[in-house]
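Asker: For reference, the chains in residue letters:
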Amino acid sequence: MLSKKTFSCDGLRERGAWRAFVLVLFTLLALGGIILSLTKGALDISVHDIITAIFSDNSGANRQVIWNIRLPRTLVGALVGINLALAGAILQGVMKNPLADPHIIGISSGAGLAGVTIMILFPHKEYLVTPIAFVGAMLSALFIYILAWKGGIRPIRIILAGVAVSAFLNSGISALMVFYSDRVHGALMWMVGGLSARSWPHLDIILPYTIVGGILALLGAGRLNLLNLGDDMARGLGLNVEVSRITMTAVAALLAASAVSVVGLLGFVGLIVPHAARLLVGSDYRYLLPASAILGVGVVTLSDTLARVAFSPIEIPVGIIMAFVGAPFFLYLLRRDA
Amino acid sequence: MTIMKAENLSIEFSGKTVLKSLTIAVEKGQMISIIGPNGSGKSTLLKALSRNLKPDQGTVYLDGNNLAELSAKVIARKMAVLPQSPEAPKDLTVRDLVEYGRYPHQNWWQARSTHDDQCVDWALVQTGLAEMADRIVSTLSGGERQRVWIAMALAQKPEILLLDEPTTYLDICHQLEIMELLAEFNQKHTMTVVLVLHDINHAARYSDCVVILQQGEIFAIGTPQEVITPHTLRAVFGVESEIRMDNVGRPVVLITGLTKKRR
Chain H
4 MLSKKTFSCD
14 GLRERGAWRA
24 FVLVLFTLLA
34 LGGIILSLTK
44 GALDISVHDI
54 ITAIFSDNSG
64 ANRQVIWNIR
74 LPRTLVGALV
84 GINLALAGAI
94 LQGVMKNPLA
104 DPHIIGISSG
114 AGLAGVTIMI
124 LFPHKEYLVT
134 PIAFVGAMLS
144 ALFIYILAWK
154 GGIRPIRIIL
164 AGVAVSAFLN
174 SGISALMVFY
184 SDRVHGALMW
194 MVGGLSARSW
204 PHLDIILPYT
214 IVGGILALLG
224 AGRLNLLNLG
234 DDMARGLGLN
244 VEVSRITMTA
254 VAALLAASAV
264 SVVGLLGFVG
274 LIVPHAARLL
284 VGSDYRYLLP
294 ASAILGVGVV
304 TLSDTLARVA
314 FSPIEIPVGI
324 IMAFVGAPFF
334 LYLLRRDA
Chain S
3 MTIMKAENLS
13 IEFSGKTVLK
23 SLTIAVEKGQ
33 MISIIGPNGS
43 GKSTLLKALS
53 RNLKPDQGTV
63 YLDGNNLAEL
73 SAKVIARKMA
83 VLPQSPEAPK
93 DLTVRDLVEY
103 GRYPHQNWWQ
113 ARSTHDDQCV
123 DWALVQTGLA
133 EMADRIVSTL
143 SGGERQRVWI
153 AMALAQKPEI
163 LLLDEPTTYL
173 DICHQLEIME
183 LLAEFNQKHT
193 MTVVLVLHDI
203 NHAARYSDCV
213 VILQQGEIFA
223 IGTPQEVITP
233 HTLRAVFGVE
243 SEIRMDNVGR
253 PVVLITGLTK
263 KRR
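From first to last, the protein sequence lines stand for chains H and S.
Position one of the first sequence corresponds to residue 4 (our numbering), numbered consecutively onward.
Position one of the second sequence corresponds to residue 3 (our numbering), numbered consecutively onward.
Isolated chain H, as found in the complex (with noise of 0.2 Å):
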């Protein structure tokens, strides 16, 4: 997957100097998206303001931009860049698959499914889609692996299943447009996937999930470097390597479904964060995980920042920008291998 471009220092030391410039380049630039996209919008707010408004000031105009619209959404974003990013990371390397991301083991479609049903057919329940989204999520995710199962776990049963499963469901949603096609809107937005009107309550949902996928998946870094051995080495060096696939495909089931539940069908971040991050900081997981997590942070914010500043006054789902950027990006991977 990797040329030896990636690492044209040699030597150890250089290694970790190089791992630790890239952290803190992603770090830059995660603290960069966060910034601009506290700063900018219709109304453009200095850095100043922003903490005035954070800290101190508690009427005017700017507290309600930052605190009530501004602040929530960045965060939000932030942390759909770590769950996302991370669930990639972890599904590639259980996979053993570069393609793998969240699409892949159902997350997308069961999420899909759950929030159009309740968008199109019970537009009053709202508020309902999230928890129904995740719910949807997570059958799909159970049904494909269930399906996948055959005394054991191949990745490669898993994929297949999960092409099925996802195909089965996208048709269900594509049926339910159809039929409904006046009530499209609300619900072809949250498919694409957008930050717009997040707020606290759904900050709420998400930080649990990326607190404890997030310390989950870096505690299973380990095993992941194994599992990229292949099954039999990775027993012989005493990994369980069944239980070890099945917990951490439910952490990026966990971190993936409270993201998409949240955001919608945000594409490609699952699958672009960790190839990038791949590039840079190489495939052992202790390092790639959190450096996916941080870039996805950098990531998301900066997309979703483009997505509220380019067409402004107009608003576009921030899934658009981010697959309008990943596709040519992927391209160049691909490019990049050959």
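Note that these hints are calculated values from the structure, not bench results.
Among the clues, some could well be false.
[Claimed, not checked] If you anchor each label on the Cβ, the simulated ranges turn out as follows:
hint: 1; chain 1: H; residue 1: LYS99; chain 2: S; residue 2: LYS190; range: 18 to 28 Å
hint: 2; chain 1: S; residue 1: HIS117; chain 2: H; residue 2: ASN71; range: 53 to 63 Å
hint: 3; chain 1: H; residue 1: VAL246; chain 2: S; residue 2: ALA27; range: 29 to 39 Å
hint: 4; chain 1: S; residue 1: SER143; chain 2: H; residue 2: ILE159; range: 23 to 33 Å
hint: 5; chain 1: H; residue 1: ILE249; chain 2: S; residue 2: GLY224; range: 39 to 49 Å
hint: 6; chain 1: H; residue 1: ILE249; chain 2: S; residue 2: THR25; range: 33 to 43 Å
All residues carry an ideal CB built from backbone N, CA and C; glycine is no exception.
Given chain H, put chain S in place with the hints provided.
Answerer: Then chain S, alone, in the frame of chain H:
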């Protein structure tokens, strides 16, 4: 003392019997080679012994304990396994990989101790890789890479080492290098070595005990001198041969042709 024992192992793949109620005991400190024609069940036997394949019937014991009832980590502290043609992410260094060998000795938060580092250094020195510790594994030659995998297994500090065709795809010099390395460990560190081999002469030259498999059953087991004979080679491999003795009294096989099949 028996370190590993398999009793009545039977394994089927979609109706086809690969191992037929096979029983075998491995003595501590032995270097034991498993040979046999393609499809005789060599690799399957090694996989069953290394718990990479669950037998349909029968039990494998490690130090008297049922392998199926031990935890993966407990097994890995006693037994290291080198599967056929292993692969690794392309950007890892030699040291990265060898460090993975310490996994079974580490706790769940995977803190690395100085003892772990000592074991890794020791394994690197033993395999002659100390100079290359910081090289990227994918830039090494096939023979060097195989030594990295062996170093990783050694870092596990196992009592028994299982290898599936460790010399395949290597040139003759590197084949011997690997065999010498294993023999040295077997003798100097009384490490029990069980390996599947393709090359009968390697088995004859280096092992204390040779197991010849045929269609999932043990055709012959014993010292190389006992079992490597024109008779067994004809019956099992279908080749005619002459056996010479080398300067240390080990049999050397000279294949003279194919056995004419009676129709």
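Asker: For each hint, tell me whether it holds in the structure or not.
Answerer: Cross-check of the supplied hints:
1. H/LYS99 with S/LYS190: 18 to 28 Å: At roughly 37 Å between Cβ atoms, S/LYS190 and H/LYS99 fall outside 18 to 28 Å, so the hint is violated.
2. S/HIS117 with H/ASN71: 53 to 63 Å: Cβ of S/HIS117 to Cβ of H/ASN71: about 56 Å, so the range 53 to 63 Å holds.
3. H/VAL246 with S/ALA27: 29 to 39 Å: 31 Å, holds
4. S/SER143 with H/ILE159: 23 to 33 Å: 31 Å, holds
5. H/ILE249 with S/GLY224: 39 to 49 Å: The hint (39 to 49 Å, Cβ to Cβ) holds, given that H/ILE249 and S/GLY224 are roughly 45 Å apart.
6. H/ILE249 with S/THR25: 33 to 43 Å: For S/THR25 against H/ILE249, whose Cβ atoms are near 34 Å apart, the range 33 to 43 Å holds.
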